[in-house]
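**Student:** If you want the building blocks of each chain, they are given just below.
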Amino acid sequence: MITIIKYNAGNIKSVENALHRLGADCLVTDDADRIRAADRVIFPGVGEASSAMRYLRERGMDSLLKSLTQPVLGVCLGQQLMCRHSEENDTDCLGIFDCAVKKFPLTDADGKLHREKIPHIGWNDFTEVKGRLFQGISPAEDMYFVHSYYAEICAEATAVCDYILPFSAGLEKDNFYAAQFHPEKSAGAGEKILRNFLEI
Amino acid sequence: MLKKRIIPCLDIQNGRTVKGINFVGIRDAGDPIELAKRYVTEGADELVFLDITATVEKRKTLAELVTRIAAEINIPFTVGGGIGSVADAALLIKAGADKVSINSAAVRRPDLITEIAQEFGSQCVVLAIDTKKEAENWWTYVHGGRTRTDLETVAWAVKAEQLGAGEILLTSMNSDGTKAGFSLEITQKVSAAVGIPVIASGGAGNMQHFAEVFQKTEASAGLAASIFHYKEVGIESLKRFLFAEKIPVRRVDG
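Which chain is which? The protein sequence lines are A and B, in order. The first sequence begins at 8 in my numbering and counts up one residue at a time. The second sequence begins at -17 in my numbering and counts up one residue at a time.
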């Protein structure tokens, strides 16, 4: 059984739908015992970092998430909350990944004003991919992204996407995996990512 | 590299596709889900479902359709038509819509943009603007293009961004239905004025029109309805054409 963490963030239904399409059994819950007992855990999310972290802390779900030993996949805001700190309302996050989350700057790496739109919305590919989650995925495969904050490049990065600047589009450490893009909305390429996670 | 998006729009009436055509392999062209799946297979990057007769009593039908679409479709989709309150938006988002598009109600009460953005995030809020050029000015129209407002289109787009809109869906009424190409002028004016993505709509008649809107404006996406419905332009061939024109597009293999 896969549990999808229920908290005050959107897109939970989309993840549930995507898993059903793959024929996987899943349960959306905030029950600590059920989350602990699951084979796999997905930590989804579309929303704002500080209110999400407050919600998790008030319910003790922050320490629960960090203590999990089965494969855990964070998606979008889920990935960002698994990092150390987010610039979004100056929020201390779970610190599973030693990585900071920052807002896309209005200038590019050379300090020049860029013409890129923020949020980063749409299909984008990678400059590099590695690790178990990305097995069989070519860097040229596009995934669907929607975000204004990004995880900086760090030692735990398994996928790098270049938009305004290179950022961590995927992270991996021990049993924890994360994706900034939405595999549940990324057509066949995204389904490969979810299948990889189900096979870990 | 971020890809330019191709977005087919499906007009929905009483839960059925309007302007449906008999695609090969589709048993029921009036079924929005069959048509949507066909578009996904062909490589559509996103879908827009526009409920053209949205009334209070039809809301529930629409929400049920959205639930079915969300279960079947593995790319993002937007639902619009008659959304007038946070509750209307909430019903559709909770049913599985990734984004809602709002139009007349946002003109009537701009705070609606902020309210939906605060509840669900800016990425959920697509502000649709119907615009028409008169003399030298582009004016915003509401009620399906029947009523002119005193909102100059670029100024309204800028204000909508400040209020929390995540994308602008810009339909040029001068071009809509003409098949003479997108209105490049207003598309570029709005794209240059806002920092959020602009979806160009209205006027696409052939593949060259899509190339043009991406080469000559900063539009992030191009939307069309009838040319895709009637298969005058196939999404797969359009993607191949744009790729050959060196426009970044998502290719679907197999």
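In short, the hints are calculated from the structure, not lab data. One or more of the hints may lead you astray.
Derived lysine-lysine pairs resembling DSSO-like cross-links, with alpha carbons at most 27 Å apart [said to hold, decoys possible]:
no., chain 1, residue 1, chain 2, residue 2
1, B, K141, A, K110
2, B, K114, B, K76
3, B, K19, A, K20
4, A, K119, B, K228
5, A, K13, B, K76
6, A, K20, B, K42
7, B, K76, A, K20
8, A, K199, B, K19
Chain A side only, calculated, beta carbon under 7 Å to chain B, not exhaustive [unchecked claim]:
no., residue
9, K13
10, G17
11, Y170
12, I171
13, A194
The beta carbon of each residue, even a glycine, is placed where N, CA and C say it ideally should be.
**Student:** Now tell me if each hint is right for this structure.
**Tutor:** Results for each hint:
Proximity of B/K141 to A/K110 is assessed by CA-CA distance (about 22 Å); at most 27 Å being required, the pair is judged to hold. Straight-line distance between C-alpha atoms of B/K114 and B/K76 comes to about 34 Å, which puts the hinted pair past the 27 Å bound. Of the supplied pair hints, the one linking B/K19 and A/K20 holds, its CA atoms being roughly 19 Å apart against a limit of 27 Å. Between A/K119 and B/K228 the CA atoms are separated by roughly 25 Å; this keeps the pair inside 27 Å, and the hint holds.
For the given pair, A/K13 sits about 14 Å from B/K76 by alpha-carbon distance, which is consistent with the 27 Å threshold. Straight-line distance between C-alpha atoms of A/K20 and B/K42 comes to about 18 Å, which keeps the hinted pair within the 27 Å bound. Straight-line distance between C-alpha atoms of B/K76 and A/K20 comes to about 8 Å, which keeps the hinted pair within the 27 Å bound. A threshold of 27 Å between alpha carbons decides the hint, and for A/K199 with B/K19 the separation of about 19 Å falls inside it, so the pair holds.
Restraint check, A/K13 versus chain B: the minimum CB separation of about 13 Å is more than 7 Å; hint violated. Satisfaction of the interface hint for A/G17 is found here, the shortest Cβ-Cβ separation to chain B being roughly 6 Å, below the 7 Å cut-off. Interface hint status for A/Y170: upheld, as the beta-carbon distance to the closest one in chain B is roughly 6 Å, under 7 Å. The closest approach between the C-beta of A/I171 and any C-beta of chain B is roughly 10 Å, which is over the 7 Å cut-off, so the hint fails.
Contact between A/A194 and chain B, as hinted, is supported at the beta carbon level, the nearest pair being about 5 Å apart and thus within 7 Å.
Of the numbered hints given earlier, the model fails hints 2, 9 and 12; all others are met.
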